[in-house]
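Engineer: Sequence:
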Amino acid sequence: MTDSPGVETLAELSLFAGLSHEELSRLASLSEVERWPAGHTLFTEGDAPGDLYVVREGRVTLCLRVPGKPDSCVLSLRGGELLGWSSLLRRRRVATARVVKDVELVRFGASALLELCEMDHDVGYALMRVAFEEVSDRLHQTRLQLLDIFQNPSSSGPGSSGPASTGSGGPSAHPRA
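In my numbering, the protein residues as written are 2 to 178.
No wet-lab data here; the hints were simulated from the structure. Glycine included, each C-beta is placed from N, C-alpha and C at the ideal position. Hints are not guaranteed to be accurate.
The following label-pair restraints were derived from C-beta to C-beta distances [claimed, not checked]:
#1 123 / 67: 38 to 48 Å
#2 42 / 130: 35 to 45 Å
#3 92 / 120: 36 to 46 Å
#4 145 / 22: 35 to 45 Å
#5 12 / 150: 31 to 41 Å
#6 150 / 21: 36 to 46 Å
#7 45 / 147: 16 to 26 Å
#8 120 / 67: 17 to 27 Å
#9 22 / 149: 37 to 47 Å
#10 21 / 68: 40 to 50 Å
#11 21 / 153: 39 to 49 Å
#12 123 / 68: 12 to 22 Å
Turn these sequences into a full structure, and let the hints steer you where they fit.
Structural biologist: Here's what the structure looks like:
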């Protein structure tokens, strides 16, 4: 099910803090709210670039292909977190995104979003800053996971106790990948 989010919906998301009402209005015109049940696959690792999402409610797990083994789920995204950032770089999907708890997402068509970024550099800068911060956080958490794996070689890695999660955007016992 989809419907159009209003400016208020986007203003609730910390990712868009600092954007003006006019900038939020432009973003809202490019977005839709989607709801998906647990078990739904949003996209698969290796897929062509597609949409960018922000999780409003629920939970989505990112899993990586492991040759000869089941997929390894490495990250769990919750409300307020960015999903599908590779689309901003026009890159193929780097993970598979599966809904594990009924989810509500704000979906942006990446092409239209990139066009807006080209036309309005303030919006473009704000979105790229948010995406860069997200990628930087995930890289840092991946390093922490690797240190944990090397220090505890008997564990089977991040997937051994389920995917990493940050809950509401803060640190947790399970680091983000």
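Engineer: Determine whether the Cβ-Cβ distance between residue 21 and residue 153 falls within the hinted range of 39 to 49 Å.
Structural biologist: holds, 47 Å
Engineer: Given the hint of 17 to 27 Å, is the C-beta distance from residue 120 to residue 67 inside that range or not?
Structural biologist: For residue 120 and residue 67 the Cβ distance comes to about 41 Å; the hint is violated.
Engineer: Just to be sure I understand the hint, the distance between the Cβ atoms of residue 12 and residue 150 should be within 31 to 41 Å; is that true here?
Structural biologist: Given about 40 Å between the Cβ atoms, the range holds.
Engineer: Should the hint that residue 145 and residue 22 are 35 to 45 Å apart at their CB atoms be regarded as holding?
Structural biologist: Given range 35 to 45 Å: holds, Cβ gap about 38 Å.
Engineer: Cβ-Cβ distance between residue 92 and residue 120: within 36 to 46 Å?
Structural biologist: Since the Cβ atoms of residue 92 and residue 120 sit about 22 Å apart, the hinted range of 36 to 46 Å is violated.
Engineer: Measuring from beta carbon to beta carbon, are residue 42 and residue 130 in 35 to 45 Å?
Structural biologist: violated, 29 Å
Engineer: Hint says 40 to 50 Å; check whether the CB-CB distance for residue 21 and residue 68 agrees.
Structural biologist: holds, 47 Å
Engineer: Using the Cβ atoms, figure out if residue 123 sits within 38 to 48 Å of residue 67.
Structural biologist: holds, 41 Å
Engineer: Should the hint that residue 22 and residue 149 are 37 to 47 Å apart at their CB atoms be regarded as holding?
Structural biologist: Holds, at about 44 Å.
Engineer: State, for the Cβ atoms of residue 45 and residue 147, whether the hinted interval 16 to 26 Å holds or is violated.
Structural biologist: About 25 Å separates the Cβ atoms of residue 45 and residue 147, which means 16 to 26 Å holds.
Engineer: Between residue 123 and residue 68, does the C-beta distance stay in 12 to 22 Å?
Structural biologist: 44 Å Cβ-Cβ, so the 12 to 22 Å window is violated.
Engineer: Do residue 150 and residue 21 keep their Cβ atoms within the hinted range of 36 to 46 Å?
Structural biologist: holds, 44 Å
Checked against the numbered hints given earlier, the structure breaks hints 2, 3, 8 and 12 and satisfies all the rest.
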